[in-house]
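Listed in order, the protein sequences are those of chains A and B. 1 is the number of the first residue of the first sequence in this note's numbering; add one for each residue after it. 1 is the number of the first residue of the second sequence in this note's numbering; add one for each residue after it.
Honestly, the hints are just simulated from the structure, not real lab data. Be aware that a few hints might be false.
To give a feel for the contact side, a few chain A residues facing chain B, derived at Cβ under 7 angstroms [as the list claims (entries may be wrong)]:
| id | residue |
| --- | --- |
| 1 | 2 |
| 2 | 8 |
| 3 | 9 |
| 4 | 16 |
| 5 | 103 |
| 6 | 127 |
| 7 | 218 |
| 8 | 222 |
| 9 | 243 |
| 10 | 260 |
| 11 | 265 |
| 12 | 268 |
If we take Cβ atoms under 10 angstroms as the criterion, some of the chain A residues that face chain B in the derived model are [to be verified]:
| id | residue |
| --- | --- |
| 13 | 22 |
| 14 | 52 |
| 15 | 90 |
| 16 | 108 |
| 17 | 114 |
| 18 | 161 |
| 19 | 247 |
| 20 | 253 |
| 21 | 266 |
| 22 | 275 |
We put the beta carbon where it would ideally sit given N, CA and C, even for glycine.
What follows is each chain in one-letter form.
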Amino acid sequence: MPYAYLSPTLLLLAALTVLPIATVFLYSLVDNVIVNPNPPNFVGLDNYEEVLTNRKFRGALGNTLYFALVSVVAHFIIGLSFALLLNSRLLSANVKALFRVIYILPWVFTASIIAILWRLLMNPHGVINFLLLEFGLIPELMEWLSDRDLALNAVTFINIWSGYPFYLVSFLAGLQGIPDDLYEAGRVDGGNGWQLFRHITLPQLKPIIISLALLDFIWTVHQFTLIWMTTGGGPMRSTEVLSTYTYKAAFSSHEYSIASTIAMVILAICTFVAIFYVRSQRMADE
Amino acid sequence: MIGSRRQIRLRKALIWLALILGACFAGLPVLWMVSSSFKSNLEIFAYPPALIDSSFSFKAYQEVLGNPESLRFFFNSYLVAILVTICTVLTSILAGYSFSRYNFRFKKALNLIIIGVQSVPPITLMIPYFGLIVWLGIYNSYLALVLTYMVFTLSYAIIMMTGYFNTLPRDLDEAVMIDGGGSFVTLWRILVPISLPGIVAVGVYTFMLAWNEFLFALTLTRTNDMRTVPIGIHLLMGQHSFEWNQMMALSVLGSLPVLILFLLFQRYFIAGMSAGSIKG
């Protein structure tokens with residue numbers, strides 16, 4: 001009986017997850033697929049060697065890790081700061097409700113809309129350059145998204161803007177779950193604000209922090225749309241991440257075996273992180 | 001911590017300052033999107049920039065809404081998102097019921113796989129999907145989008161649904177079972193009606209994921225009559241040599257459904273998101 005209820009799910013998972021992953025894995029072990037009329041030859045791990053020693057791949061891997069790690073840390077800091085602000089006792093419930101909506105706002109927009117919006121804002125003649133120039137923070141108009149020294153930081157900034165609300169919402173729920181008694185006891189012991197934060201708030205939020213950070217890391221490594229629509233991986237591959245690199249290898253160069261190999265590497269990275277995520281979830285359940 | 005009245009006032013002022021700075025960071029880009037959608041394309045990069053200028057008009061909206069092609073993007077997005085939501089909700093109710101109320105041999109392993117599916121990169125699935133969808137003869141069709149979207153909506157939906165069913169006492173279904181109702185009757189007559197808040201949360205969240213999807217829609221559709229709103233924005237960027245005001249109008253219109261759902265169902269969203277496994 002339980003399997004009958006699960007049958008639609010199992011069918012879909014088998015056809016659209018298990019089977020495709022097996023296919024990608026097979027593709028990554030042969031020398032050509034899909035476009036070449038010659039039958040594919042089994043080449044073992046040659047593709048992996050080729051990919052892992054390739055400079056473009058290493059560049060994309062480095063960019064991906066930078067993009068993901070900086071995003072996760074910034075999401076955490078901004079999400080927690082906003083949650084603490086909204087949790088302040090000095091604010092009325094209405095004020096909190098209003099600012100909560102404003103702070104969650106970036107989360108409502110889809111990646112392609114966020115991309116196009118920030119292309120407008122970060123345009124050399126756009127409003128960001130105008131403001132920074134007015135306040136004397138930059139000496140001249142900056143090409144945020146088309147300067148190879150700035151672009152990676154610019155797309156990371158956009159991703160930070162779009163992703164922190166997820167943390168904010170989780171932290172708000174988490175903060176409400178911390179019993180007041182703990183703070184009372186801390187105050188009786190003479191703790192100041194910072195000490196209460198370090199010894200009560202942070203440890204109490206720790207399980208949420210760990211699972212959020214791991215999940216966010218995985219999702220940021222998945223990110224394709226935002227980069228594809230802001231810089232397309234350019235200029236000069238300075239914002240090339242693993243997902244855009246895979247997409248180009250498959251759908252521009254038609255090197256499906258190589259693309260499949262990179263896709264397997266991304267899967268391996270995400271699975272590795274996911275193992276820790278599942279563990280942290282299990283610990284939270286118990 | 002009983003500070004003097006002055007100290008409290010100072011703290012309050014600092015909190016308000018931080019609050020407003022934060023609101024600028026979060027809200028100004030959105031405000032600029034709305035403001036740009038009412039400008040003429042010539043005034044978009046005017047110096048100095050103004051929030052509202054003399055070119056204020058609804059022209060960009062008229063052009064977007066008067067264009068059958070962009071209306072089609074909206075129709076496609078709504079149709080696909082609604083179909084995905086219905087299919088996902090039904091499937092996740094069945095699966096959630098199974099996980100919540102039965103013990104079976106591979107339960108742990110299956111549960112693990114469903115959690116694990118969240119971490120599978122869409123780009124990894126993309127390459128085989130292309131071949132599979134063409135082979136099935138459903139390339140460039142709604143069915144291709146509905147099926148592939150369900151892969152990533154379903155795992156969240158099942159986790160949320162199982163969690164919701166777990167909060168309902170088992171006595172409820174056992175009472176019906178004793179009265180001679182089968183498990184299927186129990187599920188639809190008893191559990192589903194009282195799980196409505198959970199089902200709404202799953203539905204709203206699924207709709208949002210489907211409305212926002214980009215990669216599969218980009219690769220699994222070919223003709224403009226099958227494109228969704230996010231892809232439409234992508235196409236506008238190429239075609240019309242940057243009609244910024246129209247792109248912003250399309251962005252505003254394309255964000256409204258999710259914004260409205262969010263404002264109406266804020267409570268459900270937040271409950272769902274803080275369940276710990278969810279993101280937009």
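Quick rundown of the hints versus the structure:
1. Taking 7 angstroms as the C-beta cut-off, the interface hint given for residue 2 of chain A holds, the closest approach to chain B being about 4 angstroms.
2. Nearest Cβ of chain B to the Cβ of residue 8 of chain A: about 5 angstroms, under the 7 angstroms cut. The hint holds.
3. Annotation: interface hint on residue 9 of chain A holds; nearest CB of chain B at approximately 4 angstroms, less than 7 angstroms.
4. At a threshold of 7 angstroms, the smallest CB-CB gap from residue 16 of chain A to chain B is about 5 angstroms, leaving the interface hint in force.
5. At its closest, the beta carbon of residue 103 of chain A sits 5 angstroms from a beta carbon of chain B; the interface hint therefore holds under the 7 angstroms criterion.
6. Because the beta carbon of residue 127 of chain A sits about 5 angstroms from the nearest beta carbon in chain B, less than 7 angstroms, this interface hint is met.
7. Using the Cβ-Cβ criterion of 7 angstroms, the hint placing residue 218 of chain A at the interface with chain B is satisfied: the shortest such distance is roughly 5 angstroms.
8. At about 5 angstroms, the closest approach between the beta carbon of residue 222 of chain A and any beta carbon in chain B falls short of 7 angstroms, and the interface hint on this residue holds.
9. This hint holds: residue 243 of chain A has a C-beta 4 angstroms from the nearest C-beta of chain B, less than the 7 angstroms allowed.
10. For residue 260 of chain A, the suggested interface contact is upheld, since its CB lies about 6 angstroms from the closest CB of chain B, less than 7 angstroms.
11. The criterion of a C-beta within 7 angstroms of any C-beta in chain B is not met by residue 265 of chain A, whose closest approach is roughly 9 angstroms, and the hint is violated.
12. At its closest, the beta carbon of residue 268 of chain A sits 10 angstroms from a beta carbon of chain B; the interface hint therefore is violated under the 7 angstroms criterion.
13. The interface hint given for residue 22 of chain A is met, as the beta carbon of that residue sits about 8 angstroms from the closest beta carbon of chain B, less than 10 angstroms.
14. Interface hint at residue 52 of chain A: violated, since its Cβ lies 17 angstroms from the closest Cβ of chain B, which is beyond the 10 angstroms cut-off.
15. Interface restraint check for residue 90 of chain A: the shortest CB-CB distance to chain B comes to about 5 angstroms, inside 10 angstroms, so the restraint holds.
16. Taking 10 angstroms as the C-beta contact cut-off toward chain B, the hint placing residue 108 of chain A at the interface holds, the least distance being around 5 angstroms.
17. Nearest Cβ of chain B to the Cβ of residue 114 of chain A: about 9 angstroms, under the 10 angstroms cut. The hint holds.
18. Because the beta carbon of residue 161 of chain A sits about 7 angstroms from the nearest beta carbon in chain B, less than 10 angstroms, this interface hint is met.
19. For residue 247 of chain A, the interface hint holds, the least distance from its beta-carbon to any beta-carbon of chain B being 6 angstroms, beneath 10 angstroms.
20. For residue 253 of chain A, the interface hint is violated, the least distance from its beta-carbon to any beta-carbon of chain B being 13 angstroms, above 10 angstroms.
21. With a least beta-carbon distance of about 5 angstroms to chain B, the hint placing residue 266 of chain A at the interface is held under the 10 angstroms criterion.
22. Residue-level restraint check for residue 275 of chain A holds (minimum Cβ-Cβ distance to chain B is 9 angstroms; threshold 10 angstroms).
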